[in-house]
Every structure is written in structure tokens, then in C-alpha cells.
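2 protein chains.
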Amino acid sequence: MRHFLEELEELQQRLLEMGGLVESSIRESVLMLVERRAQRADTVWRNETRINRLEIEIDELAVRLLALQQPIAGDLRFITAAIKINTDLERMGDLAVNIAQRAVVLIEKPMPKAFIEIPRMAMLAQQMVGKALDAFVRRDPDLAREVLLSDDEVDALRSYIYRDLIQFMQQYPSSIAEGVDLILISRHLERIADHATNIAEDTLFLVKGVDVRHHAETSA
Amino acid sequence: MRHFLEELEELQQRLLEMGGLVESSIRESVLMLVERRAQRADTVWRNETRINRLEIEIDELAVRLLALQQPIAGDLRFITAAIKINTDLERMGDLAVNIAQRAVVLIEKPMPKAFIEIPRMAMLAQQMVGKALDAFVRRDPDLAREVLLSDDEVDALRSYIYRDLIQFMQQYPSSIAEGVDLILISRHLERIADHATNIAEDTLFLVKGVDVRHHAETSA
Chain B
1 MRHFLEELEE LQQRLLEMGG LVESSIRESV LMLVERRAQR ADTVWRNETR
51 INRLEIEIDE LAVRLLALQQ PIAGDLRFIT AAIKINTDLE RMGDLAVNIA
101 QRAVVLIEKP MPKAFIEIPR MAMLAQQMVG KALDAFVRRD PDLAREVLLS
151 DDEVDALRSY IYRDLIQFMQ QYPSSIAEGV DLILISRHLE RIADHATNIA
201 EDTLFLVKGV DVRHHAETSA
Chain F
1001 MRHFLEELEE LQQRLLEMGG LVESSIRESV LMLVERRAQR ADTVWRNETR
1051 INRLEIEIDE LAVRLLALQQ PIAGDLRFIT AAIKINTDLE RMGDLAVNIA
1101 QRAVVLIEKP MPKAFIEIPR MAMLAQQMVG KALDAFVRRD PDLAREVLLS
1151 DDEVDALRSY IYRDLIQFMQ QYPSSIAEGV DLILISRHLE RIADHATNIA
1201 EDTLFLVKGV DVRHHAETSA
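Those sequence lines, one after another, are chains B and F. Residue numbers for the first sequence follow the working numbering, so the first one is 1 and each next one is one higher. Residue numbers for the second sequence follow the working numbering, so the first one is 1001 and each next one is one higher.
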């Protein structure tokens, strides 16, 4: 049996690897829209396969750590947080796949004005994923709090995009399908940001012992 | 310290209580739309408070069980599954709140035809939540598989509603905002069904030791 700290380190490394793949998928799926290059989707599909395998590996590693090492206190909380974060990351990967699937269709169509805010929203969401995971492995509460602040910005962008696209569709009813698809993409990005926020909240709970969930909930 | 089995039993009971509240919130948020009665939202807000408190209680109970009882094998897997299911249930509660918030606005407006499929989708999603949790606490793989089958039906309804509402908006551009809101509600219901599917998959893994995740993924 390897040393406990080594296995904990491996757990962290796999989570970071998974986070890197999720970031790559968000970036590629939205760049595909911006550059109108369907080829970029290949990276997203490839990442997805690896993300799904990592999810299972991380789960197994976490359960093995719980069973064989019987950790207590801080380590126990760290491992149970890792189990949750694993789920968050896997779902972000799925959301990036959803964006890419929608983008494949959309790159053939003309784009409305509000579209320019979507790459910005994607960049923010992507940064949130990276920061949230860094905060978790470094146990850094300040970095975790930055993630919570970015989430407000993402929500503001989501509302702006929604209003702008409704107007656009009213003006150009022949582009309603594209408008709806862009709204759905913005919702996928919002959910990715929500998952990053979950990771940041888990981190604050881990480090500070303070449960920040359900204290500042925002509406849809 | 209470007996281990008693604490496990309490963990199950709290998950079932949470599931009951989630089912109630789905039902009330959609009935609000059908009956056009904003009052029904009160139950949803009340459930939300209790669901959020239960999420924290269940997490604490699960971590305490892991720390004090140091369970192995089947019990360990059951408790780690409970931690995940807890997260799924809390997010379903949030989604029902999102539906209710959107419904509050929509009940003032005329409804398009595709709307009649939304209550059906809601009923299916609600049944899936109940069945998935029953399957988990009874460790019943057949019931878990029923949930997976229902998910295909929910996805088919989601696609039907999407196509129908796009057509409706093209015909009545003055109702675009309502059309988009109904599409978003159908997506919230789809996500609730996805969370129920996660619970069913966790259950199959728990009972059969077979990981059914990522074998039959559907697209957006």
C-alpha cells in the first residue's frame, strides 16, 4: 500500500487533469463558434472520453482511500469534497459537449449582435473552473472567494444576452432558432459557472469550516 | 454513539424526506402554470428552505458515519452514493425554484399549444425522482432501470416541445419571450430527469457493481 499522502496527491493531480480538460473543452467549443471551424469539436469529443474515464478513476481512488486509510477530520472532508468536485467536473464536460453540438449547427448561420458576449462569458466560466480547482488543491480561501464574485458577473452577462436575443428574434423572426440556440448555449455556460461556484463553496467549507451554501442564492 | 444501522437508516430517511419535498416542488411549480395560481409558489419557496437545511444535515451525517464508524465495502459505497444523491436532490430543488420563478411571470400570458406537453414532462420527471430514491433505499436494480427508460421519454418530449415552440414563435413573434421561457422550463425539467437518472445509475453501481455511466449518453 502506498503512502497516504502520495495517494491524496494523486487524487489532486487527477482532479487538476480533469479540470484542464474541461477548460480546454469550454475554450474549443466556443472558439468553434467564433472562428466557424467545426474541426475544433474533435478536441471536445476527445476530452469527453478522457473526462468520463477520469470520473470513474477518481471515484475509485477516493473510495479506496476511505476504505483502506480510514482518514479522519481534515483529510476525510477533503476526500468527500473531492467526490463532489469530481461530479461537478464531469457535468461541466457534458455541458461543453452540449455547447459544441449546438455550435456545429450554428456555424452555418449568420450571428446576432449579442453573440459577441458569449465568448466573454465562456472565458469567464473557463477561468472560474481553473481558479476553483486551484483554490481547492491549494486550500486558498481568497481564490475561492474570487470565484464567487465572478459568478455574479456571469449571471449579469446571462441576463444581458437573454434580453438582447429576445429583441433580436422579435426583429428577425426568421432567425428565431439561432436566437434560442444561443440562449441555450449561454445557459450551459451559466451552469458551468455554477459548478465552479460549487467547487469554490466546497473549498471554503473545507478550509474555513463555514458552510457558505444557500446564503447568497441568485435567481434564474 | 448510536448503532451504525440506526444512523444508516436515518440517512435514508432524510434522503427520502428531501426527495418528497423535491417531488412536491416540481408538482406545485408546474400546477401553478396549469391552474394559473401564483399562490402555489409559496409551497416551493417553503420546500426550498427545508431542502437546503436537509442538504447540510445529510452531508454532516454522512461524514460523521464515515469518521466514527469507518464502514467498509457495501456500506462505504452506500454512504458515498448518499453524498452524491444529496447533491442531486438539492439541485433538483433549485431547478424547481427556477421553474416557479419563471411561472410567476408566465401565468399572466396566453399559452401556446406545446405547453400541454410540459405538465406531462413534469409528471414524468417527478415520478423519476420518487422511483430513483426508492430504488436506492431498497437497492432495487429493476426499479433503477425503469428510471433510465423514462429518461428517454423525457428527452423525446424535450425535443418535441423545442420544435413546436420554435414554430409557434415564428408564427407569433409577439410571443417570443413566452416561447423562450417555456423552452427554458422544459430544459429545467430535463435536468431534473437527468439528476434522477444519476441516482438510478449510482444505485445500479451500488447493487450490481456495474458502472453504467457513460454507456448510453444522449445528446442535447
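Hints were generated in silico from the structure; no laboratory data involved. The beta carbon of each residue, even a glycine, is placed where N, CA and C say it ideally should be. One thing to keep in mind: the hints can contain errors.
Claimed, not checked - Quick list of in silico lysine-lysine cross-link-like pairs, DSS-like style, CA-CA up to 25 angstroms:
1. B:Lys109 x B:Lys208
2. F:Lys1131 x B:Lys131
3. F:Lys1131 x B:Lys84
4. F:Lys1084 x F:Lys1131
5. F:Lys1131 x B:Lys208
6. B:Lys84 x F:Lys1109
7. B:Lys84 x B:Lys131
8. B:Lys84 x F:Lys1208
Stated by the list, open to error - Simulated restraints on C-beta separations:
9. B:Gln39 x F:Asp1042: 48 to 54 angstroms
10. B:Pro141 x F:Gln1171: 49 to 55 angstroms
11. F:Lys1208 x B:Pro119: 50 to 56 angstroms
12. B:Gln101 x F:Arg1036: 54 to 60 angstroms
13. F:Ile1116 x B:Glu60: 41 to 47 angstroms
14. F:Ile1072 x B:Arg50: 49 to 55 angstroms
15. F:Leu1068 x B:Arg46: 42 to 48 angstroms
16. B:Leu149 x F:Ser1159: 36 to 42 angstroms
Hints versus structure:
Between Lys109 (chain B) and Lys208 (chain B) the CA atoms are separated by roughly 49 angstroms; this puts the pair beyond 25 angstroms, and the hint is violated. For the hint linking Lys1131 (chain F) to Lys131 (chain B), the alpha-carbon distance of about 37 angstroms lies beyond 25 angstroms, and the restraint is violated. For the hint pairing Lys1131 (chain F) with Lys84 (chain B), the CA-to-CA distance comes to about 23 angstroms; that is within 25 angstroms, so the pair holds. Simply put, Lys1084 (chain F) and Lys1131 (chain F) have alpha-carbon atoms about 17 angstroms apart, close enough for the 25 angstroms limit, and the pair holds.
Restraint check for Lys1131 (chain F) and Lys208 (chain B): not satisfied, since their Cα atoms lie roughly 37 angstroms apart, outside the 25 angstroms limit. With a CA separation close to 40 angstroms, the supplied pair Lys84 (chain B) and Lys1109 (chain F) exceeds the 25 angstroms bound. For the hint pairing Lys84 (chain B) with Lys131 (chain B), the CA-to-CA distance comes to about 17 angstroms; that is within 25 angstroms, so the pair holds. Distance restraint check for Lys84 (chain B) and Lys1208 (chain F): the Cα-Cα separation of roughly 22 angstroms lies within the 25 angstroms cut-off, and the hinted pair is therefore satisfied.
Range check, Gln39 (chain B) to Asp1042 (chain F): Cβ separation about 51 angstroms, and the 48 to 54 angstroms hint holds. The hinted range of 49 to 55 angstroms is satisfied by Pro141 (chain B) and Gln1171 (chain F), whose Cβ atoms lie roughly 53 angstroms apart. One distance hint, 50 to 56 angstroms for the beta-carbon pair Lys1208 (chain F) and Pro119 (chain B), is violated here, with the actual separation near 43 angstroms. Against the hinted window of 54 to 60 angstroms, the Cβ-Cβ separation of Gln101 (chain B) and Arg1036 (chain F) comes to about 35 angstroms, which falls outside the hint.
Roughly 45 angstroms separates the CB atoms of Ile1116 (chain F) and Glu60 (chain B), a value that falls within the hinted 41 to 47 angstroms. Range check, Ile1072 (chain F) to Arg50 (chain B): about 30 angstroms between beta-carbon atoms, so the 49 to 55 angstroms window is missed. Between Leu1068 (chain F) and Arg46 (chain B) the Cβ separation comes to about 43 angstroms, which falls inside the hinted range of 42 to 48 angstroms. Between Leu149 (chain B) and Ser1159 (chain F), the C-beta spacing of about 37 angstroms keeps the proposed range 36 to 42 angstroms intact.
When held up to the earlier numbered hints, the structure conflicts with 1, 2, 5, 6, 11, 12 and 14 and fits the remainder.
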